[in-house]
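S.K.: Given chain F's structure and the hints, the job is docking chain L onto it.
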Amino acid sequence: MSELNLWSMLFALMLATFVGFYVIQNVSRLLHTPLMSLTNAISAIAIVASIIVTGEQRTTFATVLGAVAVFASMTNIVSGFLITERMLKMFREKEPRA
Amino acid sequence: MSDFFTHLSYLAAATLFVFSLRWLNRPKTARQGVLAGVVGMVLAVVGTLLNPHIVNFTWIAVALVLGTLVGVPLSRVALTAVPQRTAISHAFGGLAAGLVGTAKYQVWLGEGELTTFRITAIVVEVILGFVTFTGSLMAAGKLQEVIPTRPITYRGQNAVNLSLLGIAVLAGVGVIVDPSQWPLFAVIVGLSLAFGVLLIIPIGGADMPTVISLLNSYAGLSAVAMGFVLENQLLIIAGALDGSSGFILSVIMCRAMNRSFANVLFGAFGQVQAQAAAGEAKPVKSASPQDAADYLVNAQRVVFVPGYGMAVAQAQHRVREIYDELSKRGIDVKFAIHPVAGRMPGHMNVLLAEAEIPYEALVEMDEINPELPQTDVCVVVGANDVVNPAARTDQSSPIYGMPIIDADKARVVLANKRSMNPGFAGIDNALYSADNTLMVFGDAKAALGDIAAALRADREGKAAA
Numbered sequence: 000m001s002e003l004n005l006w007s008m009l010f011a012l013m014l015a016t017f018v019g020f021y022v023i024q025n026v027s028r029l030l031h032t033p034l035m036s037l038t039n040a041i042s043a044i045a046i047v048a049s050i051i052v053t054g055e056q057r058t059t060f061a062t063v064l065g066a067v068a069v070f071a072s073m074t075n076i077v078s079g080f081l082i083t084e085r086m087l088k089m090f091r092e093k094e095p096r097a
Numbered sequence: 000m001s002d003f004f005t006h007l008s009y010l011a012a013a014t015l016f017v018f019s020l021r022w023l024n025r026p027k028t029a030r031q032g033v034l035a036g037v038v039g040m041v042l043a044v045v046g047t048l049l050n051p052h053i054v055n056f057t058w059i060a061v062a063l064v065l066g067t068l069v070g071v072p073l074s075r076v077a078l079t080a081v082p083q084r085t086a087i088s089h090a091f092g093g094l095a096a097g098l099v100g101t102a103k104y105q106v107w108l109g110e111g112e113l114t115t116f117r118i119t120a121i122v123v124e125v126i127l128g129f130v131t132f133t134g135s136l137m138a139a140g141k142l143q144e145v146i147p148t149r150p151i152t153y154r155g156q157n158a159v160n161l162s163l164l165g166i167a168v169l170a171g172v173g174v175i176v177d178p179s180q181w182p183l184f185a186v187i188v189g190l191s192l193a194f195g196v197l198l199i200i201p202i203g204g205a206d207m208p209t210v211i212s213l214l215n216s217y218a219g220l221s222a223v224a225m226g227f228v229l230e231n232q233l234l235i236i237a238g239a240l241d242g243s244s245g246f247i248l249s250v251i252m253c254r255a256m257n258r259s260f261a262n263v264l265f266g267a268f269g270q271v272q273a274q275a276a277a278g279e280a281k282p283v284k285s286a287s288p289q290d291a292a293d294y295l296v297n298a299q300r301v302v303f304v305p306g307y308g309m310a311v312a313q314a315q316h317r318v319r320e321i322y323d324e325l326s327k328r329g330i331d332v333k334f335a336i337h338p339v340a341g342r343m344p345g346h347m348n349v350l351l352a353e354a355e356i357p358y359e360a361l362v363e364m365d366e367i368n369p370e371l372p373q374t375d376v377c378v379v380v381g382a383n384d385v386v387n388p389a390a391r392t393d394q395s396s397p398i399y400g401m402p403i404i405d406a407d408k409a410r411v412v413l414a415n416k417r418s419m420n421p422g423f424a425g426i427d428n429a430l431y432s433a434d435n436t437l438m439v440f441g442d443a444k445a446a447l448g449d450i451a452a453a454l455r456a457d458r459e460g461k462a463a464a
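Protein sequences appear in the order of chains F and L.
Numbering of the first sequence is given in numbering that gives the first Met the number 0, commencing with residue 0 and proceeding in unit increments.
Numbering of the second sequence is given in numbering that gives the first Met the number 0, commencing with residue 0 and proceeding in unit increments.
To be clear, the hints were calculated from the coordinates, so they are not data collected in a lab.
Incorrect hints may appear among the rest.
Cut-off 25 Å, straight-line C-alpha distance, at most; resulting in silico cross-link-like pairs (SDA-like, lysine to any residue) [stated by the list, open to error]:
id	chain 1	residue 1	chain 2	residue 2
1	L	K444	L	V145
2	F	K93	L	V69
3	F	K93	L	L73
4	L	K27	F	Y21
5	F	K88	L	V69
6	L	K27	F	T59
7	L	K333	L	K281
8	L	K408	L	R300
9	L	K408	L	Q373
10	L	K444	F	N25
11	F	K93	L	T28
12	L	K444	L	E355
13	L	K444	L	D393
14	L	K333	F	Y21
15	L	K444	L	H316
16	F	K88	L	L68
17	L	K27	F	Q24
18	F	K93	L	S418
19	F	K88	L	I166
20	L	K27	F	R57
21	F	K88	L	V145
22	L	K408	L	E370
23	L	K444	F	Q24
24	F	K93	L	R458
25	F	K88	L	P26
26	F	K93	L	Q31
On a predicted model such as this, the values are computed, not experimentally measured, just so you know.
Next comes chain F alone, as it looks inside the complex (with noise of 0.2 Å):
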């Protein structure tokens, strides 16, 4: 890996960290149980990790494993998705009273 590379991914995380806080202090409290389940979902991102380790098939050793790591990330994404999406439907305003 080129040096240029390492400095890069460093910038990135830096980056992406201070987006992170000012992001994450502006979520309504309201929301944090879905917010957890979304960020849950969103950091599943490993699927991508895990596809490219199943798919390469070096070892059988790793393909294995990759593909534990798929099914492990892909169960995060669809029911942390879902579930949050289930969630925010129930946050309703209050309807004019008759």
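M.R.: Just chain L, lined up with the frame of chain F:
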């Protein structure tokens, strides 16, 4: 050329993930945030499948199908079980990181591609990943109550835990110096798995909101480490978003329990233990559901303080019935939400939203406290420590200094509890024996149901007359 589209899809995904979290800042735009997240994820996965290094799709397809089959039922759990589901998904996130790290170690070791940078990143990834995996499984077990929720402690616990972690780190250094020492790598994996279990065992159920947030942060950090291993910026960005979210939530939870962040980082939670709640039981006054209903109809302002007990008893729908009855009479009803009420951040909000209580009625602790002295009736449902006045007044109390909801300042307090047995933490609560407090004994669902029925009978009686 296909590389171009892969990178483009990653760039778009990173952008969409930031928007996804940004739109969660208020309920109105929140669902749009979920959509952005889904689109980002689909783009990233499609972009990855275009990667020319991928030669076989069978395993991937099977894993995707199985993941979907498990994921769908996991998203349909009862809302009271959401903390457990969250802990399980942290476990899966940690597992994926640990497995990918191990696989890359084996592949690169065989191909002689293990640079110092790569092996360092792998060691960090594997430790974080496997600690998160078993730690989160333990947390899920405690939340589901298949593992005792009380803290399991023994002498020298912290010393044992820290030495295990220390040995794992030493083994890590050994592997970094000489990557061909795969037995050391196996030691790292084994110790990380053990450390995750031992870290969570001493933690009590009431501290779960902090623990879950912290594990959330670890899961994010393990994704960041994975990004460094695979030199993938998208993983670093998404992992950093998750990591900072978990970090912020942990800080909020710590503040709400008056714990220092260092205290949490070193796994010393649950150390604040019940000091013998000695002393003779003070007399308490009790009220029947009918009495409670009479107090409520004569009030102008009512504040509910929900806690984990409401979730356990599934009493949120009875709370909603009372809310409806009171609102119909023009009585102002609000809900005071303590940050650590329940078993995860925001737990009470979701349960009350499920019961169709409008979110404008859910008020944070700092906003509701100035209103409590002007509140006629405060109804405490399954909350205990978060309304314990000892936190303000009793320096010897384990929870002294913890910010609480000032329920005791309301004119009348109606506190629902199953019995006078000390609660989970075993800390005496002077609120129950206060002059302005009336205890409504019974299971929360049954007792609140009776109050709602009394309110309904009262209204129908007046309508008939």
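S.K.: Hint by hint, say whether it matches the structure.
M.R.: Now the hints, each set against the structure:
At roughly 24 Å between alpha-carbon atoms, K444/L and V145/L fall within 25 Å of each other, so this suggested pair holds. A C-alpha spacing of about 36 Å is found between K93/F and V69/L, which places the hinted pair above 25 Å, so the restraint is violated. At roughly 30 Å between alpha-carbon atoms, K93/F and L73/L are farther apart than 25 Å, so this suggested pair is violated. Annotation: proposed proximity of K27/L to Y21/F holds, straight-line Cα distance about 19 Å (limit 25 Å).
Between K88/F and V69/L the CA atoms are separated by roughly 22 Å; this keeps the pair inside 25 Å, and the hint holds. Restraint check: the Cα-Cα separation between K27/L and T59/F comes to about 48 Å, which exceeds 25 Å; the hinted pair is violated. With a CA separation close to 30 Å, the supplied pair K333/L and K281/L exceeds the 25 Å bound. In summary, the hint linking K408/L to R300/L is supported, as the alpha carbons are separated by about 13 Å, within the 25 Å threshold.
Note on K408/L and Q373/L: the hinted pairing holds, with a Cα-Cα distance of about 8 Å set against a maximum of 25 Å. About 35 Å separates the Cα atoms of K444/L and N25/F, which puts this hinted pair outside 25 Å; it is violated. At most 25 Å may separate the alpha-carbon atoms for a hinted pair to count; K93/F and T28/L meet this at roughly 16 Å. Restraint check for K444/L and E355/L: the C-alpha separation of about 17 Å stays at or below 25 Å, so the hint holds.
Between K444/L and D393/L, the direct Cα distance comes to roughly 32 Å. Violation of the 25 Å bound is thereby established for this hinted pair. The suggested pairing of K333/L with Y21/F is violated, with an alpha-carbon distance near 29 Å, which exceeds 25 Å. The hinted pair formed by K444/L and H316/L meets the criterion: a straight-line CA distance of about 8 Å does not exceed 25 Å. Restraint check for K88/F and L68/L: the C-alpha separation of about 23 Å stays at or below 25 Å, so the hint holds.
With a C-alpha separation of about 17 Å, the suggested pairing of K27/L with Q24/F holds against the 25 Å cut-off. Under the criterion of a C-alpha separation no larger than 25 Å, the hint pairing K93/F with S418/L is inconsistent with the structure, at around 35 Å. The hinted pair formed by K88/F and I166/L fails the criterion: a straight-line CA distance of about 47 Å is larger than 25 Å. Of the pairs offered as hints, the one joining K27/L and R57/F is violated, with about 47 Å between alpha carbons and a cut-off of 25 Å exceeded.
With a C-alpha separation of about 31 Å, the suggested pairing of K88/F with V145/L is violated against the 25 Å cut-off. Distance check on the hinted pair: K408/L and E370/L sit about 9 Å apart at the alpha-carbon level, within 25 Å; holds. As the CA atoms of K444/L and Q24/F are separated by approximately 35 Å, the hinted pair breaks the 25 Å bound. Between K93/F and R458/L the alpha-carbon distance is near 22 Å, which keeps this suggested pair within the 25 Å criterion.
Note on K88/F and P26/L: the hinted pairing holds, with a Cα-Cα distance of about 9 Å set against a maximum of 25 Å. Taking the CA atoms of K93/F and Q31/L, the gap is about 20 Å. The hint holds against a cut of 25 Å.
Of the numbered hints listed earlier, those contradicted by the structure are 2, 3, 6, 7, 10, 13, 14, 18, 19, 20, 21, 23.
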